[in-house]
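Numbering-wise (this note's numbering), the sequence shown opens with residue 110 and increments by one.
In case anyone wonders, no lab produced these hints; they're calculated from the structure. Accuracy of the hints is not assured; some may be wrong.
Stated by the list, open to error - List time: in silico DSS-like cross-link candidates among lysine-lysine, alpha-carbon distance up to 30 Å:
(1) K299 to K174
(2) K325 to K299
(3) K140 to K347
(4) K486 to K458
(5) K458 to K503
(6) K347 to K359
(7) K604 to K589
(8) K174 to K367
(9) K140 to K227
(10) K359 to K486
(11) K602 to K458
(12) K602 to K227
(13) K227 to K596
(14) K503 to K402
(15) K322 to K299
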Amino acid sequence: MYLPITKIICGLIVGFLTYGCQQQPEKLKQKPNVVFILVDDLGLVDLSITGSSYYETPNIDRLAKEGMIFTQGYAASRVCSPSRASIMTGKFTARHGITDWIGAASGEAWRSHNRHDKLLPAEYVHALPAKDVTIAEAMKEKGYKTFFAGKWHLGSEGSYPEDHGFQINEGGWDKGSPMGGYFSPWDNPKLPIRVKGENLTMRLANETAEFIKQHKDSTFFAFLSFYAVHGPIQTTNKKWQKYRDKAQNKGLGESGYKMENVLPIRIVQDNPIYAGLVESMDDAVGVVLDAIKNTGLEDNTIVVFTSDNGGVASGDSFSTSNLPLRGGKGYQWEGGIREPYFIKVPWLKNGGSESDFPVIGTDFYPTILDLADIDLKPEQHMDGISLRPLLEGKQLEVDRPLFWHYPHYGNQGGEPSSIIRKKEWKLIHYWEDDREELYHLPSDTAEQTNVISEHPEVAMALSKELKAWLSEVGARFAVKDPEYDQKLAKERKDKIINEMWPRLERERLNVLSEDFEPNADWWGSKGTKD
């Protein structure tokens with residue numbers, strides 16, 4: 110009797126193992142799809158889930174709750190093109206050379222702005238380097254169908270998405286803002302006009318959703334890069350009214366701005382135009398998430414959500430406030446570089462979990478490859494690490510510094526500076542006068558107290574490491590302007606304080622007034638579905 114039972118048990122074990130061996134290779138064959146959603150100029154606290162009580166973002170909130178929320182997620186730059194290039198290449202900005210938004214004046218051309226600054230901004234690379242293997246090219250090499258929709262701003266013709274690994278390009282060209290506005294007819298040769306008054310943000314989402322539906326039986330890498338919420342900010346009358354009422358019901362503060370080092374900066378979220386634009390972007394995200402679900406791909410699709418730099422609190426459209434973080438787009442403080450940073454990997458079942466490990470835009474490249482079981486390219490994504498262990502609930506034993514290099518003046522008030530963050534410390538080196546600021550981020554996320562005098566040894570070590578790294582990668586620097594005129598610079602500053610600041614306060618109240626009307630057809634949106 111012993112022998113037959115043994116045979117039976119062995120037979121069951123063999124059968125189970127055989128079944129398992131038959132199933133596992135089939136499972137491994139099914140590479141995950143990837144949908145990457147990049148928002149332009151979205152601040153960390155521009156979402157309900159990250160702290161806004163004014164903006165409403167239910168679809169993005171749902172996505173965040175279904176994935177991992179990285180509470181210390183960073184963009185690789187305080188402005189768009191450098192940050193986007195770092196996502197595409199896995200390299201920090203000083204290494205790939207795109208250190209300012211492509212099209213910004215540099216060198217002596219900077220004087221044409223009549224800002225009377227002390228330095229002439231550094232020269233920089235004006236197109237995504239062809240020698241780099243982008244994440245799209247890496248995915249395409251492994252059989253992924255690659256798709257891009259929206260803002261590119263990484264070079265002119267010859268350096269468009271289709272020149273860097275994307276097989277389909279809907280709307281990506283050299284311009285960095287929504288030329289012609291958010292309602293058609295827009296001025297975009299890569300996105301034909303279909304209906305007058307069509308919403309640009311929704312159109313890009315619909316194009317992405319259609320791509321997902323058409324390729325549900327293949328494996329794809331879709332990159333949705335919204336022009337929203339970049340200025341010029343626009344919305345419909347209906348959404349403006351909703352958020353105008355909401356602001357009024359909350360109670361309007363006497364002032365909406367305070368003076369930062371260079372420009373006034375918004376200190377309250379109460380702009381109903383921007384709020385409507387944020388909600389439209391969230392509506393569009395919902396369309397894409399629904400497409401993933403309705404095609405039955407939800408269990409096998411990685412979704413990434415982030416922004417390319419902080420919210421615009423100064424300059425441009427003075428759209429939002431990033432408080433309690435200091436600064437915003439273009440600035441060297443946390444408000445310029447801290448971002449929403451969510452990754453949903455459905456089979457890991459870690460929805461709503463958080464990680465406080467400092468992560469950055471260069472990490473997306475190796476993380477996506479790793480999650481798709483594609484061999485990493487460490488010679489390419491040199492400044493990124495795979496976050497897969499964190500997503501799997503493990504510890505990541507990596508003690509790495511993060512670097513930012515911006516040898517330029519931002520349109521928003523940022524100053525030429527370089528940054529190193531290592532563990533809990535952040536050091537900023539300013540190139541105008543070589544002064545430095547040191548912040549202990551766990552106790553001072555708002556960067557209100559420069560503790561360099563209390564911790565000179567920490568500052569010295571970080572400064573030395575920062576400068577050594579910049580030298581190693583061949584970073585370019587701003588140079589002193591021999592025509593700098595201190596008197597003219599002071600006159601400009603006085604004009605900003607005495608004329609610009611009061612004007613901004615008046616415009617804020619005007620936008621919130623009951624009879625506000627930007628133009629007769631609300632930027633071309635009247636008569637269209639809201």
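Do the hints match the structure? See the list:
For the suggested pair K299 and K174, the alpha carbons sit about 34 Å apart, so the restraint of at most 30 Å is broken. With a CA separation close to 24 Å, the supplied pair K325 and K299 stays within the 30 Å bound. Using a Cα cut-off of 30 Å, the hinted pair K140 and K347 is violated, with the two alpha carbons roughly 43 Å apart. Between K486 and K458, the direct Cα distance comes to roughly 27 Å. Compliance with the 30 Å bound is thereby established for this hinted pair.
Distance check on the hinted pair: K458 and K503 sit about 14 Å apart at the alpha-carbon level, within 30 Å; holds. The straight-line distance between the Cα atoms of K347 and K359 is roughly 19 Å, inside the 30 Å bound, and the hint therefore holds. For the hint linking K604 to K589, the alpha-carbon distance of about 24 Å falls within 30 Å, and the restraint holds. Annotation: proposed proximity of K174 to K367 is violated, straight-line Cα distance about 34 Å (limit 30 Å).
Using a Cα cut-off of 30 Å, the hinted pair K140 and K227 is violated, with the two alpha carbons roughly 53 Å apart. A hinted pair counts as satisfied when its Cα atoms are at most 30 Å apart, and K359 with K486 does not qualify at roughly 51 Å. With a CA separation close to 53 Å, the supplied pair K602 and K458 exceeds the 30 Å bound. This hinted pair checks out: K602 and K227 have alpha carbons roughly 13 Å apart, not beyond 30 Å.
Between the alpha carbons of K227 and K596 the distance comes to roughly 12 Å, so the proposed pair stays at or under 30 Å and holds. Under the criterion of a C-alpha separation no larger than 30 Å, the hint pairing K503 with K402 is consistent with the structure, at around 28 Å. For the proposed pair K322 and K299, the alpha carbon gap of about 21 Å is at most 30 Å, so the pair holds.
Hint compliance for this structure: hints 1, 3, 8, 9, 10 and 11 are not met, and every other hint is.
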